[in-house]
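Novice: Sequence:
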Amino acid sequence: MLESLPLPSPHVSRLTDASDASTDVLIVGISGKPQDSATLTRLNEAGEGWIDRLRKRGAISCKRGKVNKLVPANNDGPPVVLLIGTGDDTRSNRVDAFEIAAIAIRSITNNSLDQVDIALGECFDPSTHDAIVAGALCACENLAIYQSDPSAHVPAAIRFSGISQEAIERGKIIGHAINQTRRLVNEPAGVIYPETFAAQASKVAEASELSIEVWDETKLEAENCRAILAVGAGSARPPRIVILRHQGGGDEAPIAIVGKGVTFDSGGLSIKPSDGMVDMKCDMAGAATVLGVMQAVAQLGVKRNVIGVCGLAENMISGTSYKLGDVIKTRSGKTIEILNTDAEGRVVLADTLDVTRENAPASIVDLATLTGACMVALGMEVAGLMTNDQPLCDAVSQAAKTEGEPVWQLPMFDLYDEKVKSKVADIKNVGEGRWGGAITAAKFLENFVGDTPWVHIDIAGPAFVDSPKPHRDAGATGVMVRTLVNWIESQA
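Positions in the sequence shown are counted from 1; adding 5 to them yields the working numbering.
Derived by calculation from the structure, the hints in this document are not laboratory data. Heads up, the beta-carbon is just placed ideally off N, CA and C, and yes, glycines get one too. It is possible that some hints are incorrect.
[As the list claims (entries may be wrong)] FRET-style restraints, in silico, Cβ to Cβ:
id, residue 1, residue 2, range
1, Asp130, Ala26, 27 to 37 Å
2, Ala212, Ala161, 34 to 44 Å
3, Gly324, Lys74, 26 to 36 Å
4, Gly330, Gly384, 30 to 40 Å
5, Ser153, Gly37, 40 to 50 Å
6, Gly281, Pro131, 43 to 53 Å
7, Ala149, Gln395, 41 to 51 Å
8, Ser153, Leu420, 36 to 46 Å
9, Pro84, Ala258, 24 to 34 Å
10, Ser9, Lys68, 17 to 27 Å
11, Gly195, Gly54, 26 to 36 Å
12, Ala149, Glu494, 30 to 40 Å
13, Ala161, Gly54, 52 to 62 Å
14, Ala26, Asp471, 40 to 50 Å
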């Protein structure tokens with residue numbers, strides 16, 4: 006069994022004085038406004054105006070995210086000061102708070118550091134301070150989790166000045182939840198498969214005081230979950246459904262979040278080419294997001310009932326694989342004609358959504374790396390939203406806007422219903438070729454939510470990326486963790 010590097014867990018604490026010499030690096034924000042933060046003013050005065058002199062020479066940039074590494078001019082302060090540009094007007098912007106803190110930390114992880122102090126709290130409104138902490142922690146996680154000599158180093162300790170203890174605790178919870186999601190997605194399919202995902206979910210549940218049920222193949226058979234069993238039939242590793250519960254709201258109907266968890270997708274008999282299969286360990290990002298959100302909701306003590314349901318299967322090829330032309334009777338009783346075994350995520354979700362409905366939720370949000378068509382429509386950085394309830398979709402969209410995770414709503418006109426009707430079964434698992442593929446996939450899923458208010462989020466583009474950005478590494482992004490936590494809390 007491979008053993009990856011441990012999840013980053015620097016000691017995080019609150020700092021009163023951000024200008025002493027006990028740290029290895031002090032991170033300070035610098036804006037284009039005339040008024041400097043108190044920490045920046047103290048550093049400038051201690052160095053007899055050294056920052057002012059560098060500004061006049063044009064040696065310091067205040068541009069958003071621009072890193073200026075400096076050695077201070079006096080001997081009594083921090084050995085290294087990192088000035089990072091915050092732009093002109095970012096005080097109440099949670100996106101900038103998160104990303105600027107992350108950029109700063111990522112710029113120094115090439116060195117092994119014992120202590121890093123962050124004095125960005127003075128540059129942002131208190132309502133964004135948790136995002137500073139979360140961003141700094143997320144910057145510590147990266148794609149290279151199996152390097153024997155890691156090129157990136159996690160600081161042993163990070164201290165934050167100008168930020169309340171409450172904001173620090175909240176930021177830690179959000180940051181760790183995002184990193185948990187990213188790590189699960191980045192792990193190879195030989196490490197994370199339905200059984201081991203369920204085992205990791207059990208560990209998270211125990212640590213976060215969530216209740217958990219794990220349905221193995223025997224339970225799935227007893228529950229007539231023929232759709233998820235069909236997708237997993239070609240694999241030596243049988244499917245699982247994981248049900249997590251946070252009971253924070255008494256007797257009310259729960260909010261439900263549902264995730265597609267195809268731990269590896271070969272395409273089945275409709276096999277993918279090698280290039281299309283390389284990153285298919287990421288096809289369980291929806292389920293990983295559900296686990297991260299449930300971890301955060303429980304640790305934050307959100308005053309709502311929340312249920313998280315993960316449908317887990319491995320889509321492989323063998324003599325027992327499900328086949329084109331098969332008709333599957335789902336748990337709900339609806340029948341599906343299989344016309345493409347690579348359109349398997351929606352088949353997994355058919356049973357998973359029906360299990361969720363049985364818990365009588367007030368609303369359902371599902372997440373899935375579902376279609377390449379959504380990437381064609383919206384690109385790699387925007388998630389697609391599809392819904393049967395506009396107010397619910399608007400609330401999720403607003404949370405995404407607040408947290409800076411771009412989404413765009415696609416139409417769900419009735420005319421698309423015809424495109425998933427089958428001649429031999431109730432519905433078929435693909436629409437009309439390439440046309441409207443993200444929407445016809447959502448229309449397929451709509452058959453399994455009934456009248457429950459529901460939003461489908463297609464995260465195929467933003468969940469896993471090939472190239473790094475200044476604020477995060479390539480690989481898994483943890484997209485939608487912040488959005489869904491924000492949305493769930495707004496319902497409390």
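Novice: Each hint: holds or not?
Specialist: The hints, checked one at a time:
1. Asp130 <-> Ala26: 27 to 37 Å: This hint holds: roughly 30 Å between Cβ atoms.
2. Ala212 <-> Ala161: 34 to 44 Å: violated, 22 Å
3. Gly324 <-> Lys74: 26 to 36 Å: violated, 60 Å
4. Gly330 <-> Gly384: 30 to 40 Å: holds, 34 Å
5. Ser153 <-> Gly37: 40 to 50 Å: Distance hint for Ser153, Gly37 holds at roughly 44 Å.
6. Gly281 <-> Pro131: 43 to 53 Å: holds, 46 Å
7. Ala149 <-> Gln395: 41 to 51 Å: Given a distance of about 43 Å, which is inside 41 to 51 Å, the answer is holds.
8. Ser153 <-> Leu420: 36 to 46 Å: Violated, at about 56 Å.
9. Pro84 <-> Ala258: 24 to 34 Å: violated, 56 Å
10. Ser9 <-> Lys68: 17 to 27 Å: Given a distance of about 36 Å, which is not inside 17 to 27 Å, the answer is violated.
11. Gly195 <-> Gly54: 26 to 36 Å: violated, 58 Å
12. Ala149 <-> Glu494: 30 to 40 Å: holds, 33 Å
13. Ala161 <-> Gly54: 52 to 62 Å: Check failed, 33 Å falls outside 52 to 62 Å.
14. Ala26 <-> Asp471: 40 to 50 Å: Holds - the Cβ-Cβ distance for Ala26 and Asp471, about 41 Å, lies within 40 to 50 Å.
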